[in-house]
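Asks: Can you make the complete structure from the sequences, with help from the hints?
2 protein chains.
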Amino acid sequence: MFYPQLDAKAAKTATKIATGINAVPGAASGKVVFTAAEAEEMAELNEKVLLVRKETSPEDVGGMHAAIGILTATGGKTSHAAVVARGWGKCCVVGCEALNINYETKTMTVGGNVVVKQGDYLTLDGNTGDVYLGQLALQLPEQPPAYQVIMKYCDELRTLKVRTNADTPYDADNAIKMGAEGIGLCRTEHMFFDTEERRLAMQEMIVAENVETRKAALAKLLPFQQADFEGIFKAMNNKPVTIRLIDPPLHEFTPKDDEGINKLSQVTGISPEKIKHRCEQLHESNPMLGHRGCRLCITYPEILDMQVTAIIKAAISCAKAGIKVFPEIMIPLTIDKKELSIQVDQARALADGLIKAAKAKVKYMIGTMIEIPRAALLADQIAEVAEFFSFGTNDLTQMTLGLSRDDAGRFLPVYVANEQDGGKGIFKADPFQSLDQDGVGMLVKMGIEKGRSTNPNLKVGICGEHGGESASVKFCHKAGMNYVSCSPYRVPIARLAAAQAAIADGKGKTAKKARKGK
Amino acid sequence: MFYPQLDAKAAKTATKIATGINAVPGAASGKVVFTAAEAEEMAELNEKVLLVRKETSPEDVGGMHAAIGILTATGGKTSHAAVVARGWGKCCVVGCEALNINYETKTMTVGGNVVVKQGDYLTLDGNTGDVYLGQLALQLPEQPPAYQVIMKYCDELRTLKVRTNADTPYDADNAIKMGAEGIGLCRTEHMFFDTEERRLAMQEMIVAENVETRKAALAKLLPFQQADFEGIFKAMNNKPVTIRLIDPPLHEFTPKDDEGINKLSQVTGISPEKIKHRCEQLHESNPMLGHRGCRLCITYPEILDMQVTAIIKAAISCAKAGIKVFPEIMIPLTIDKKELSIQVDQARALADGLIKAAKAKVKYMIGTMIEIPRAALLADQIAEVAEFFSFGTNDLTQMTLGLSRDDAGRFLPVYVANEQDGGKGIFKADPFQSLDQDGVGMLVKMGIEKGRSTNPNLKVGICGEHGGESASVKFCHKAGMNYVSCSPYRVPIARLAAAQAAIADGKGKTAKKARKGK
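Chain order of the listed sequences is A and B. Heads up, the working numbering is the position in the first sequence plus 46, with the first residue counted as 1. Heads up, the working numbering is the position in the second sequence plus 46, with the first residue counted as 1.
Be aware that one or more of the hints could be misleading.
Copies of the same chain look alike in the list, so a pair counts if it fits in one copy or across any two.
Unchecked claim - Result set (BS3-like, lysine-lysine): computed pairs, CA atoms no more than 27 Å apart in a straight line:
id, residue 1, residue 2
1, LYS474, LYS520
2, LYS100, LYS322
3, LYS474, LYS384
4, LYS524, LYS496
5, LYS491, LYS384
6, LYS470, LYS384
7, LYS302, LYS322
8, LYS62, LYS152
Since the hints were derived computationally from the structure, they do not count as laboratory data.
Replies: Below you can see the structure in the form of structure tokens.
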């Protein structure tokens, strides 16, 4: 009911090349890749990719996650690909036996005369199992009237707000249609490498040999990011937008081949050898626990300056155009009060100066993600300098359980599957899909209680993938959060779960009235 | 006073090739390597290496840690190399300007006519700054009588036991001389790849395509490991020995080059391509959070069987020879009660069977490391199936702070240094050297309290590097631990700190008497 569907007209005139088993509904259109690694690489460059494999295995999980759809030549509705994709609600067609995949030449042939090369567009219809050549138009389905009625009831009952994770005006628009009341997580990563121009400027920043060159490179990125934020603020008129400052380690932005290195060398005048050396230096043994998040802005404060300037200038220009903006600047990966306060002070001084100079009326908030165990443990201290907390339960799960989501495919299934299914039944559910309420949940509750003990007005939300999973949303309600934030298509699930949680504890806004038969 | 010293006679007849600045005392003898990466690789193969660099930088920290001594051509007593090595108490000579290092040819020349190649032995004297050709004899210094008197007082005062981290009978002997009362951490890693024979058997186990082949490969390792344990039990007669089951991810054991792959192919009959593929499959994005620790024994229970058999058979044979053995089997990286109980049940059934069959009297304990935040949070549940806890504060620090020790060199100095020194003064000390009492310490205290709430007899210790750092040892005393465990040379520091802590809280065994002037 919520997944994008194939435009019926477009499908009629399109070339259907094969039909497999319809494992997960919805439709997806993207460029074909044949390996999980390439799926991840291209997705990082913001390409929409379809992962095509003979079959998938736990090693492919990263690439499956990065792809917008999955197509396999073998397997049935309980194959690895089908089960994993279903967990994510990701369009998936399996057992498409007509496909003859050649990993070496990165091509597949279908029925002898159709050849599909890596990078070609295909479109999958997960409802029927059909596979089409080319990039077909997709559309969001109309919801039946009963859906609107139920959702209206849910919204009256629930006390938990539901926001969305969205990085573009397009996603934001979509999410509003799904009922999102704001953005809980706007990642700014793609604003650094969406186009070649931005990517080069970011790379110039990374190889810069002194602060001045670094600032000059960042200055090139400023107008792009400002325009991005303006687009999002416009789409979210009158609703809050939480913007996370730069999060990934710098090596994710560096050139990966000689061509890229040479180009960067031309732009910067730095020798290719030096650039290569600098890129190698950035390699990390455990990037998840490395130089990323706000650690980047502690060592390179000029990145924070650029991003805060872009956000506040965008807010000022929108406000002057009559758009109501509520930016919430979110600092990721905090582990210490002092670490946060250094950045809050820096951001506030800059933002207040810009607002005053522009004689504009813009209110903003500054808060932090709580995604490292230490931050939850010391939440009382951290809340003294934060206006809001957003629990990043993806990373918090990884660190609390000492479990890398990218690597866990090798053993996590054994932990989750029951004895009957050959597993050990250690976990009730995959902790990356449904929040580990015993362990991670304890830290979340502790973080909220401690945070509010020193800052009673602290606004609290969640922006991990758990924010759209029913049991986890109910946990968030019970833990006393103000909002959950999830991907656009999961917003209705979150609205429903939040209403169910409110009814269950009898504390819903209008729960009593509702039960009396209002 | 505790570091190994150059044998004075040996030094007289040796060839001194240069003299640098004596940055950290002690002496070290090992094979020369010129890159941090090679230092790590060779150390993994249990080679003693000296890292020789023009200068060191934060990227080299992993290799510096792996080396037993550090020699640089530039820098003074406050250079990166000197400061980092001093923190570890690692022999270090800096500013040795006579060295002419060529990284490309992996050689260095000294004074025109001496050439030292990678792999050649050198010996450093950190007391004088002298550099000698060859592998000179080292010896432990005699302690002055006053030292013995003070240590005796300390031992009377302290309530905290002091054990050592030791993997070989040699280390164990050393540690007993330093006053260790048992082994708190015997790592079994090197028992898997100390010699080519063992390495090959381990690799056979890794590439095995079914349980039977895996068991056959493990059977080859059993007698080696049993003999290793017998040696350690003999050295530790009458003292407890905590043995940690396999911990590192399997890719640390795989062949790294074609020669190794071909050899393994010959032994197993598996094609080199397949072996290569299997090794590639083992690659992890974040190995620290990957398939390691007891996760290995959950997916490959036969590894646990082999190790428990080796430990118990060694204990039986020692007991029959009149040696008093107290083996404590320690399961690493636990995150869940059920995960632990599966392994405890398996180990206990096997051990009890062996002891009964041998009609021997051997008592053993089974416990776990607490090194992942979730284990500390759920310590009450976990203690129901564990007889002891050992806090692995190295990993617990990495996960609680979301900080990889190998990568943190790039930004941690900025967090630790004061504003005057160009840093941000966020941490009072390097959390890998002195325990982060606010964050990690909170989890440790929580883990002890919760653990003893369900198991009042729970024995608790620490086996991270913090167990030999004065402030951390005092914290362990206050937190109510039974023992600390540290590297042999730090045992006296721990004994002193434990006594100081006992005096400070007036609860020392004989603290009151001592203060009354006994």
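Asks: Find the hints from earlier in the document that the structure breaks and name them by number, from lowest to highest.
Replies: none
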